[in-house]
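A.B. asks: Now for the letters of each chain:
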Amino acid sequence: MNITSLTITKAREGLAKKEFSSVELTKELYKHIAERDSEIGAYLTLTKDLALEQAAKADTNIAKNDTAPLTGIPLAIKDNILVDKIRATASSKMLENYIAPYDATVITKLREAGAVFLGKTNMDEFAMGSSTENSALKKTKNPRDLTRVPGGSSGGSAAAVAGDMAIAALGSDTGGSIRQPAGFCGVVGLKPTYGTVSRYGLMAMASSLDQIGPLTKTVEDAETVFNSIRGTDPFDATSVTAPQQIAAQKNLTIGIPKEFFDHPMRTEVADLLTKTKENLAKLGHTLKEISLPHVSYSLEVYYLIMPAEVSANLARYDGIRYGHSIARDTETPATLGEVYSKSRGQGFGKEVRRRIMLGTYVLSHGYYEAYYLKAQKVRTIITNDFKHAFENQGVDAIFAPTTPDVAFKFGEKTSDPLSMYLEDIYTVPVNIAGLPAISVPAGTIDNLPFGVQFIAPWFSETTLFALGKALESTRS
Amino acid sequence: MIDLEHIKKLATLARLELTPKELEGFQGDLSRILDYVGKLENVDTSNVSATLHATATPNVLRPDTDAISTPEDAIERMLDQAPERKDGYIKVKAVL
Numbered sequence: 001m002n003i004t005s006l007t008i009t010k011a012r013e014g015l016a017k018k019e020f021s022s023v024e025l026t027k028e029l030y031k032h033i034a035e036r037d038s039e040i041g042a043y044l045t046l047t048k049d050l051a052l053e054q055a056a057k058a059d060t061n062i063a064k065n066d067t068a069p070l071t072g073i074p075l076a077i078k079d080n081i082l083v084d085k086i087r088a089t090a091s092s093k094m095l096e097n098y099i100a101p102y103d104a105t106v107i108t109k110l111r112e113a114g115a116v117f118l119g120k121t122n123m124d125e126f127a128m129g130s131s132t133e134n135s136a137l138k139k140t141k142n143p144r145d146l147t148r149v150p151g152g153s154s155g156g157s158a159a160a161v162a163g164d165m166a167i168a169a170l171g172s173d174t175g176g177s178i179r180q181p182a183g184f185c186g187v188v189g190l191k192p193t194y195g196t197v198s199r200y201g202l203m204a205m206a207s208s209l210d211q212i213g214p215l216t217k218t219v220e221d222a223e224t225v226f227n228s229i230r231g232t233d234p235f236d237a238t239s240v241t242a243p244q245q246i247a248a249q250k251n252l253t254i255g256i257p258k259e260f261f262d263h264p265m266r267t268e269v270a271d272l273l274t275k276t277k278e279n280l281a282k283l284g285h286t287l288k289e290i291s292l293p294h295v296s297y298s299l300e301v302y303y304l305i306m307p308a309e310v311s312a313n314l315a316r317y318d319g320i321r322y323g324h325s326i327a328r329d330t331e332t333p334a335t336l337g338e339v340y341s342k343s344r345g346q347g348f349g350k351e352v353r354r355r356i357m358l359g360t361y362v363l364s365h366g367y368y369e370a371y372y373l374k375a376q377k378v379r380t381i382i383t384n385d386f387k388h389a390f391e392n393q394g395v396d397a398i399f400a401p402t403t404p405d406v407a408f409k410f411g412e413k414t415s416d417p418l419s420m421y422l423e424d425i426y427t428v429p430v431n432i433a434g435l436p437a438i439s440v441p442a443g444t445i446d447n448l449p450f451g452v453q454f455i456a457p458w459f460s461e462t463t464l465f466a467l468g469k470a471l472e473s474t475r476s
Numbered sequence: 001m002i003d004l005e006h007i008k009k010l011a012t013l014a015r016l017e018l019t020p021k022e023l024e025g026f027q028g029d030l031s032r033i034l035d036y037v038g039k040l041e042n043v044d045t046s047n048v049s050a051t052l053h054a055t056a057t058p059n060v061l062r063p064d065t066d067a068i069s070t071p072e073d074a075i076e077r078m079l080d081q082a083p084e085r086k087d088g089y090i091k092v093k094a095v096l
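If you read the protein sequences in the order shown, they are chains A and B. Just so we're aligned, residue 1 is where the first sequence starts under this note's numbering, counting upward by one. Just so we're aligned, residue 1 is where the second sequence starts under this note's numbering, counting upward by one.
Same shape as in the complex, but just chain B (with noise of 0.2 Å):
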C-alpha cells in the first residue's frame, strides 16, 4: 500500500487540491492500479529501446519563417477567456 504522505505529495505535485476522503481513495485505486501492472517486471527488457514514436520517422523540419498569421480576433477572442486581464496582458496572482 502507498504511504499516504506519498499520495499527499504526488497532489501537490499535480496542483490537485483532493479532500481527505478523496486521498484515501486514490491511495486504494492507485495501490491496486501500480500491484496490477507490476507483471511487467517478469518481461526481460535488458536489450530493448523505449518507443519514442509508434510510426517513427526521421525529424521533421521545416524552415524557420511564419507558417501561419493567427487572426487579430482569434489572438482577442483567446485572451478574453482568461479570468483576469490588464492592459493587453493576462493577470496572475503574486508569484513572489
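Okay, chain A solo, but in the shape it has when bound (with noise of 0.2 Å):
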C-alpha cells in the first residue's frame, strides 16, 4: 500500500490500527520526496531530524491512545511561516539565510497537536506572485504536468501534497495564494475568514489581507487542519474571537454572480462549470443569480492597497539587523544609506522591488487621497456587495471559478506583470472583504486539475466545508 498517498482521515486510521508508525510514513514520505522532488522542486528545506524526533513522540502517544486528528501526520510548511530554528527564506535572496527564532502561533498548536514536519516549501518571493515563478531560490513543476507552472504563491506546498510529497501543507493567501495553487494542481485548499487563523510568525506580506490556511487531499481534511490552526492569539493584534460556527443546513441556496460568468470563457471551461453547477442542483441545492455590483474593480482596488501595504511591511528588510547586508562584507566601507539601498537592491527579486516602488508612491504625499484612501474605500463597497448577497438576496455561498482557466505553461505570463495579475480574477474579491473561500476540484480539462471556489459569509467556514464535501461526493 502507497501510504503517501493516504489522505489526513485515512493516515491517522491507519496509525490507530497499528498498520504503520508515524515513523514509518514519515521515512515512506521522504522516500518519495528524495524520489520525486529533484523533479518538482517543492521544497527548500527538509527537516528531517525534527520530523522523526516529531514522529516518534507522536508514536509513543498513539501507543498510550491518544486520539487526536493529526498527532503523526507529516505536514509541508510555507516558506514565510516560522518554524522555530529552521531556516526561513520567503523564497527570498533577501532572507536565504535567515533562521528562525520562533514558531509561528499556527507552528505552536500544531506541534501541540502531535503533526511532524517534513519541511519548507517554495513560494513565490515574499509570497508575490501566481506561478511560484517569482522564487529566488528555486523552480517548482505542477506535479500534474512538469512543463506547467503549479501555481502560486503556495505553488511548494501545493506541489507537495498533490505529489504525495506531504500528507497535507499549509499556506497563505493575500489574493488567491492557497486557492489558486490548489486549483491548479487538483487539491483542496482554504483560506478562512480574515482574523480566524493567527498571523503571528506569518512573514507579512498585505496586513489586512493576509491569511495562513491548509493545502489537503480531501475537504476532511481542510476542515481538519483548520480546526487545529484557528483560534484567537494576543499575539495576533488582528485576530478576532470567532463567534461559534453552525453547522450548514442541508439544502442551501448558491449564488451565482452574474459578472463571473458574463464574459467569454474557453468552451471546455464554461462546460465544466455548467456541469458543476448541474451536479450542486441535484444535490439538491437550488442556484440563484445573484449580482455583485462592484466586484469588477476588484483587482484594481487589490493593487493599489496589498503594494501599499507591502512597502510598510518589507521595509524592516533593511540589512541592519537580519538577512541579507552588504555590511556583513567588513572589507568593503558603506554608508549607512548604502547599507540600506544596496541591501534592498541586491535582496529582493524583480517583483518585489516593483510592487514596493508601486506602494510607495500610491501611499507618497499627494497621491494618497487619490489611490490608497479611494482604493479603501472602494473596498467597502465591495464588502457590501458581498453582505447585501448574503443578507438581503438570501444566498449561504456564492460559487465562482478558482481561476480563469487550468495551469498556464512556464514563462507565459512572465513578460507582462498586469497578465499575471489577471489570474486572480476570481480571488482577489474574498481577501478584500475578509471572507471565507475553499477551492476544490471540479474536474479536469486536457487531464489538467481545475477548480473550483465556495465563498461564504464571514466566519461560515461549515458552509464551505458542507458544500465542498458535496462537490466531492458527485466526482466519486
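Everything labelled a hint here was simulated from the structure, so no lab data went into it. Think of the CB as a built atom: it goes at the ideal place given N, C-alpha and C, for glycine as much as any other residue. Fair warning: there could be bad hints in the mix.
For lysine to aspartate or glutamate, the following EDC-like pairs were computed, each having C-alpha atoms within a straight-line distance of at most 20 Å [what the hints assert, rightly or not]:
| id | chain 1 | residue 1 | chain 2 | residue 2 |
| --- | --- | --- | --- | --- |
| 1 | A | LYS342 | B | GLU24 |
| 2 | A | LYS85 | B | ASP73 |
| 3 | A | LYS350 | B | GLU17 |
| 4 | B | LYS91 | A | GLU369 |
| 5 | B | LYS91 | A | ASP49 |
| 6 | A | LYS85 | B | ASP80 |
| 7 | B | LYS9 | A | GLU338 |
| 8 | A | LYS10 | A | GLU472 |
| 9 | B | LYS21 | A | GLU331 |
| 10 | B | LYS8 | A | ASP318 |
| 11 | A | LYS342 | A | GLU96 |
| 12 | B | LYS86 | A | ASP318 |
| 13 | B | LYS93 | A | ASP145 |
| 14 | B | LYS39 | A | GLU369 |
| 15 | B | LYS93 | A | GLU331 |
| 16 | A | LYS377 | B | ASP35 |
| 17 | B | LYS8 | A | GLU351 |
| 18 | A | LYS18 | A | GLU35 |
| 19 | B | LYS8 | A | GLU338 |
| 20 | A | LYS387 | B | ASP44 |
| 21 | A | LYS350 | B | GLU84 |
| 22 | A | LYS31 | A | ASP49 |
| 23 | B | LYS91 | A | GLU331 |
| 24 | B | LYS9 | A | ASP329 |
Pairwise CB distance ranges (calculated) [what the hints assert, rightly or not]:
| id | chain 1 | residue 1 | chain 2 | residue 2 | range |
| --- | --- | --- | --- | --- | --- |
| 25 | B | ASP35 | A | ASN61 | 24 to 34 Å |
| 26 | A | GLU268 | B | ARG32 | 25 to 35 Å |
| 27 | A | PRO404 | B | GLU72 | 50 to 60 Å |
| 28 | A | PRO243 | B | HIS6 | 40 to 50 Å |
| 29 | A | LYS139 | B | THR70 | 30 to 40 Å |
| 30 | A | VAL269 | B | SER69 | 48 to 58 Å |
| 31 | A | LYS93 | B | LYS91 | 36 to 46 Å |
| 32 | B | ALA94 | A | ASN61 | 51 to 61 Å |
Take a look, some chain B residues computed to stay more than 10 Å from chain A by CB distance [to be verified]:
| id | residue |
| --- | --- |
| 33 | ALA11 |
| 34 | GLU24 |
| 35 | ASP29 |
| 36 | ARG32 |
Since each chain sits alone in its own frame, please combine them into the complex, following the hints.
C.D. replies: Below, the structure is given as C-alpha cells:
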C-alpha cells in the first residue's frame, strides 16, 4: 500500500490501527521526496531530524491511546511561516540564510496537536506572484504536468500535497495564493475568514489581507487542519474571536454572481462550470443568480492596497538586524544609506521591487488620497456587495471559478506583470472582503486539474466544508 | 507616463538602489499599472468610509503586563543574525 497517497483521515486511521507507525509514514514520505522532488522542486528545506523526533513522540502517544486527529501526520510548511531554529527564506535572497528565532502560532498549535513537520516549501518571493516563478531560490513544477506552473504563491505546498510528498500542507493567501495553486494542482485549498487564524510568525505581506490556511487532498482534511490552527491569539492584534460556527443546513441556496460568468470563457471551462452547477442542483441545492455590482473593481483595489501594505511591511528588511546585508562585507566601506539601498536592491527580486515602488507611490504625499484612500473606500463598497448578497439576496454561499483556466506553461505570463495579475480575478475579491473561501477540484480539462470556489459569509467555514464535501461526492 | 525623476525619487524613498535600466523599466510598469487602476475614479465613494479591518471588532486590549518572556538563547540567536555586533549591541554605520 502506498501510504504516501493517504489522506489525513485515512493515515490517522492507519496509525490508530497500528498498520504503520508515524516514523514509517514519515520515512516513506522522505523516500518519495527523494524520488520525486529533484524533478518537482517543492521543498527548499527538509527537516528530517525534527520530523523523525516528532514522529517518534507521536508513536509513543498513539500507543498511550492518543486519538487527536493530527497526531503523527506529516505536513509541509510554506517558507514564509516561521518554524523555530529552521531556515525561513520566503524564497528570497534577502532571507536565504535566515534562521527563524521562534515558532509561528500555527506552528505552536500544530506541535501541540502532534503533527510532524517534513520541511519548508517553495513559494513566489515574499508571496508575490501567481505561479511560484518569482521564487529567487528554486523552480517548482506542477506534478500533474511538469511543463506547467503549480500556481502561486503557495506553489511548493500545493505541489508537495499533489505529488504525495506530504499528507497536507500550510500555505498563505493574500489574493488567492492558497486557492489558485490548489486549483492548478488538483488539491483542496482553504482561505479562512480574516482574523480567524493567527498571523503571528507569518512574514507579513499585506497585513489587512493575509491569512494562513491548509492545502489538503480532501475537504474533510482541510476542516481537520483548520480546526487545529484556528483561534484567537493575543500575539496577533488583528486576530478576532470567531463566533461559534453553526452547522450548515442541508439544502443551501448558492449564489451565482453574474459578473463572474458574463464574459467569454473557453468552451471547456464553461462546460465544466455548467456541469458542476448541475451536479450541485441535483444534490438538492438551489442556484440563484445574484449581482456583485462592483466586484469588477477588485483587482484595481487589490493592486493599490496590497503594494501599499507591502511597501510598509518590507521596510524591515534593511540589512541592519538580519538578512542580506552589504555590511556583512567588513572589508568594503559603505554609508548607512548604502547599507539600506544596496542590501535591498540586491536582496529583493524584480517583482518585489516593483510592488514596493508601486506601494511607495500610492502612499506618497499628494497621491495617498487619490489612490490608497480611494481604494480602501471602494473596498468597503465591494464588501457591502457581498454583505447584501448574503443578507438580502438570501444566499448561503457563492459559487465561482477559482481561476480563468487551467495551469499555464512556464514563461507564459512573465513578460507582462498585468497578465499575471489577471490570474487572480476570482480570488482577490474574497480577500478584500475578508471572507472565507475554499477551492475544490471540479474535474479536469485536457487532463489538467480545474478548481471551483465556494465563498461563504464571514465565520461560516462550516458552509464551505458542507458544499465542498457535496461536490466531492459527485466526483467519486 | 510618470516622470523618470519621480521614479528616482520613489526609489530613494523606498531605499532601493536600481540601475538606470531598472528605473526605466519600473517607469513603464508603474505607468501601465496606474493607468489600469485609474478605473476606480469612476466609482462614487462620496458617502463611504475606508475599510480599516476586514472583520472589524472593537480594539482588543490586554493588561499591561509581561505576556511572554523571550528565552535568553532566542535573544542571542536573534542578535546573532545581525551583520555587525559590538558589546551586546547591533553596530550600524555612522548615522550623522
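A.B. asks: Now tell me, hint by hint, if it's right for this structure.
C.D. replies: Going down the list of hints, with the structure as the test:
1. A:LYS342 / B:GLU24: Given that 20 Å is the threshold and the Cα spacing comes to 18 Å, the pair holds.
2. A:LYS85 / B:ASP73: Given pair LYS85 of chain A, ASP73 of chain B holds - Cα atoms ~11 Å apart, limit 20 Å.
3. A:LYS350 / B:GLU17: Holds, because 12 Å separates the two Cα atoms, which is no more than 20 Å.
4. B:LYS91 / A:GLU369: Violated. LYS91 of chain B to GLU369 of chain A sits at ~38 Å, over the 20 Å cutoff.
5. B:LYS91 / A:ASP49: violated, 35 Å
6. A:LYS85 / B:ASP80: Within the cut-off at roughly 13 Å; holds.
7. B:LYS9 / A:GLU338: holds, 15 Å
8. A:LYS10 / A:GLU472: holds, 16 Å
9. B:LYS21 / A:GLU331: violated, 29 Å
10. B:LYS8 / A:ASP318: holds, 19 Å
11. A:LYS342 / A:GLU96: Since the Cα atoms of LYS342 of chain A and GLU96 of chain A sit roughly 16 Å apart, the hinted pair holds (cutoff 20 Å).
12. B:LYS86 / A:ASP318: Holds, at roughly 19 Å.
13. B:LYS93 / A:ASP145: Roughly 50 Å separates the two Cα atoms, so the pair is violated.
14. B:LYS39 / A:GLU369: Holds. LYS39 of chain B to GLU369 of chain A sits at ~15 Å (cutoff 20 Å).
15. B:LYS93 / A:GLU331: holds, 13 Å
16. A:LYS377 / B:ASP35: Judged against 20 Å, a Cα distance of about 19 Å means the pair holds.
17. B:LYS8 / A:GLU351: Distance of about 17 Å is within 20 Å: holds.
18. A:LYS18 / A:GLU35: Given that 20 Å is the threshold and the Cα spacing comes to 26 Å, the pair is violated.
19. B:LYS8 / A:GLU338: Holds, at about 15 Å.
20. A:LYS387 / B:ASP44: With a Cα-Cα distance of about 18 Å, the restraint between LYS387 of chain A and ASP44 of chain B holds, given a limit of 20 Å.
21. A:LYS350 / B:GLU84: The given pair, whose Cα atoms are some 27 Å apart, is violated under the 20 Å limit.
22. A:LYS31 / A:ASP49: Since the Cα atoms of LYS31 of chain A and ASP49 of chain A sit roughly 14 Å apart, the hinted pair holds (cutoff 20 Å).
23. B:LYS91 / A:GLU331: holds, 15 Å
24. B:LYS9 / A:ASP329: Measuring from Cα to Cα gives roughly 27 Å; hence the hint is violated.
25. B:ASP35 / A:ASN61: 24 to 34 Å: violated, 58 Å
26. A:GLU268 / B:ARG32: 25 to 35 Å: Holds, at about 31 Å.
27. A:PRO404 / B:GLU72: 50 to 60 Å: holds, 52 Å
28. A:PRO243 / B:HIS6: 40 to 50 Å: This hint holds: roughly 47 Å between Cβ atoms.
29. A:LYS139 / B:THR70: 30 to 40 Å: holds, 37 Å
30. A:VAL269 / B:SER69: 48 to 58 Å: 55 Å Cβ-Cβ, so the 48 to 58 Å window holds.
31. A:LYS93 / B:LYS91: 36 to 46 Å: Since LYS93 of chain A and LYS91 of chain B have Cβ atoms about 23 Å apart, the given range 36 to 46 Å is violated.
32. B:ALA94 / A:ASN61: 51 to 61 Å: holds, 55 Å
33. ALA11: violated, 7 Å
34. GLU24: holds, 12 Å
35. ASP29: With a cut-off of 10 Å, ASP29 of chain B comes too close to chain A, as the shortest Cβ separation is near 6 Å.
36. ARG32: ARG32 of chain B is in fact no farther than 10 Å from some Cβ atom of chain A, at 6 Å.
Hint violations for this structure: numbers 4, 5, 9, 13, 18, 21, 24, 25, 31, 33, 35 and 36, all remaining hints satisfied.
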